[in-house]
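J.: Top line first, the protein sequences correspond to chains P and H. The letter at position 130 of the first sequence is residue 130 when you use full-length UniProt numbering, and the numbering goes up by one with no holes. The letter at position 40 of the second sequence is residue 40 when you use full-length UniProt numbering, and the numbering goes up by one with no holes.
To be clear, the hints were calculated from the coordinates, so they are not data collected in a lab. Check each hint, because a few of them may be wrong.
[As the list claims (entries may be wrong)] Computed far set for chain H versus chain P, every beta-carbon distance over 12 Å:
#1 N163
#2 D191
#3 E241
#4 K243
#5 A283
#6 Q315
#7 E325
#8 R362
#9 K376
#10 L387
#11 K407
#12 F420
#13 K450
#14 A451
[As the list claims (entries may be wrong)] No farther apart than 20 Å at their CA atoms in a straight line, the calculated lysine to any residue pairs in the SDA-like style are these:
#15 P:K229 / H:K450
#16 P:K102 / H:L311
#17 H:K450 / P:K102
#18 P:K221 / P:K352
#19 P:K372 / H:L311
Note that beta-carbon positions come from the ideal geometry of N, C-alpha and C, so glycine has one too.
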Amino acid sequence: MTDQQGYGTRPSAKMRSVSVDLNHDASLLIDIPDALCERDKVKFTVHTKTTLSSFQKPDFSVPRQHEDFIWLHDTLVETEDYAGLIIPPAPPKPDFESPREKMHKLGEGEATMTKEEYTKMKQELEAEYLAVFKKTVQVHEVFLQRLSSHPNLSKDRNFQIFLEYDQDLTVRRKNAKEMFGGFFKNMVKSADEVLISGIKEVDDFFEQEKTFLLDYYSKIKDSTAKAEKMTRSHKNIADDYIHISATLNSLSADDTTILFVSVQKVEGRVASDQELKLTELLRYYMRDIQAAKDLLYRRARALVDYENSNKALDKARLKSKDIPQAEEHQQQCLQKFDKLSESGKKELTSFKGRRVVAFRKNLIEMAELEIKHAKVSSTIQLTHFYTNEKWTL
Amino acid sequence: PPTDDEPASLPAEDISTNSNGPKQDSLFDDDPEDLFAEATEEVSLDSPERDVLLSDGPSPAITPITPPTSVLTPRIGLHDDMFTHSSFDEFYLLSLNFSLPQTSISLFKSHEFSVKRRFSDFLGLHSKLASKYLHIGYIVPPCAGKKHWMTKVKVGKEDQSSNEFVEKRRSALERYLMRTVKLPVLLKDPDVLQFLESSELPRAVSTQALSSAGLLRMVNKAAEAVNKMTIKMNESDAWFEEKQQHFENLDVQLRKLHASMESLVLHRKELSVNTAQFAKSAAMLGNSEDHTALSRALSQLAEVEEKIDQLHQDQANADFYLFSELLGDYVRLITAVKGVFDHRMKTWQKWQDTQMLLQKKREAEAKLQFNNKPDKLQQAKDEIKELEGKVEQGEREFEQISKTIRKEVSRFEKERVKDFKTIIIKYLESLVQTQQQLIKYWDAFLPEAKAIS
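Bound-form chain P, shown alone (with noise of 0.2 Å):
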């Protein structure tokens, strides 16, 4: 029993992400058509079609590992220049934790299921590792799309070199490691709510959002975790019906099984699109209430800074020392408060705007998939019950 698949996949425009709006600029787009799996590592082939002149050719390929997907995502975060925009939440790690520990456990159960059994459980399971895999590839994809249809941070040098430098870039990104010291991320990553909060907010907008994105993410982040105790019953109930339909048919080899086995089958399904829809939803605007909230933290220091620097001038011109550099380093704060708090006004609109309607999709999408699996679901047992005469039990 072997977990080194080799998932080579080319995920179906149906896999489209959670987000909308994505990818439609001709100037620029960007999709993961392929993707290899081995062992705990994932390659994403990243492809490219440009009209920029920017980019040395119009249509390319390159091989990406996910901490590459981190570096690029990291190296934005640490542009002072972007300070005042929603940098698009790094994708997960891939996590192949929970179908590679049931396949453990699948394995040390074999001697207690027959062979039909343990089939049937095994392809569930390899329906699991595809599913984790192609949600993956998505979130990758998603991430870099994103950026290709921001104005600003489209036009990147980095991202640019993400997606055209055909060599490794582990070499890159150990360079950028060393450079940074990873501080500022360690900064970022722990917003300070408390700092958030503290701050005396004279913009009515601001004063909203945060109000509203603090409350949310604890909202969103609850949801996100029942969502996903839902959808592991309803995995449960598969693989129980599984066992059931098994020991059914053992027993006999009439149509009953074949409902069981179909009814395995819808739940199977309706968990894996619950997964997709409701949980994807709810975990992707979980993280990207989170970059919201950075773009406040970071606005809130500038607050912070401009206060000190304010203070320091009053300082200043009581000991009369140092003035002129005071009023300067006072001017170059406002400056960036300012530029931060317009800037991060326009992106936090836009935000809402895009959040709204990818929920509308994806409960849109949802809804009609439920709808379509109850009908099937229900279309077989019918049939079956009114084709079923001889019972041989």
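Once you have looked at the hints, place chain H on chain P.
T.: Just chain H now, with coordinates in the frame of chain P:
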């Protein structure tokens, strides 16, 4: 995505005799209270639908078994005096009505009547019937005893005072009685008639003595006898060997199925809990949302999920009541079937032993004749005559039990198929209903989602 649907018929697999569940070792517990003490744990349900019936009238059949084609249709309701006695010996109202007009059996004084019976009365009846009929080959339906129920309370799976728990016991007793009266030989039995009819039953004091303890010992002895057999039984009748194997397999499969079913029930309950929690969380998220239409849609989503939660609960009820109870019954029934086969072996052994003894006596007689001991000779001849009679009787008994078992097994299998068929149909019907409800709920939600602008 996984492959297409598998073809309709799959080859029968070699069934491993390994069991899934951890608690299948001792069918025969040391505790004399209940022969059929299963350690399998049942999941308690919060099921407000199952109302406790405290009326005098006959209760509607909640049990899944098809109405028997026998003369009698017992229904069990709960008696007014139900909880006036110490725990576990509550009263039941046993009301009986005829489903067919009386034919050759004019056993009862009237068409409809009701009597009051205690829980221990049922156990007493069962132990009497088992001691009379099991050893001659009749598959006497088992009755889950006090230990079976108390174990569930002890492991915290059941709330002793809950209506649901009461309903489970009532339902189990009703099924027990239905199965009992389906057996023509039992319906004619005076103990059964007395149980069904007489207004006052002598308190089953001997429940303890004659009960499971006695039965347990009896079946144990049969099993021991089988183990100790020095002469391998010449199974000229392949039918018995085949059937025995069949029931062994059935036992394993049904236990496995029962365990899987209980796991399913547990997971459905978890799903229900998780769905309810998610619904609450989604409602809070909706409140927090500042976009009006989205906020409303999220609240709607929360409501849909709440309704779905209720659906999950109902489905869990269906899973359990219909399927799981039946499986539990059959696991117990198969124990009785195996017991009956063991008794046949024992009968055979007894016959063989008698035959061997006769042989020895004949040899001894020959010796006496040779040594010319006239008075001892006469005694020997008498003993031989007696033994010859016993041998004939032993052979008759063996043939009789074999014949009875054949009939019984055929009856049992027919009923088993019928029972399972009925249950599975009902279960699948409930699944369909659930799916159709789901369609309704999501259909209602869809416009709300589309209304987000």
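J.: Which hints, by number, does the structure contradict?
T.: 5, 6, 12, 13, 14, 15, 16, 17
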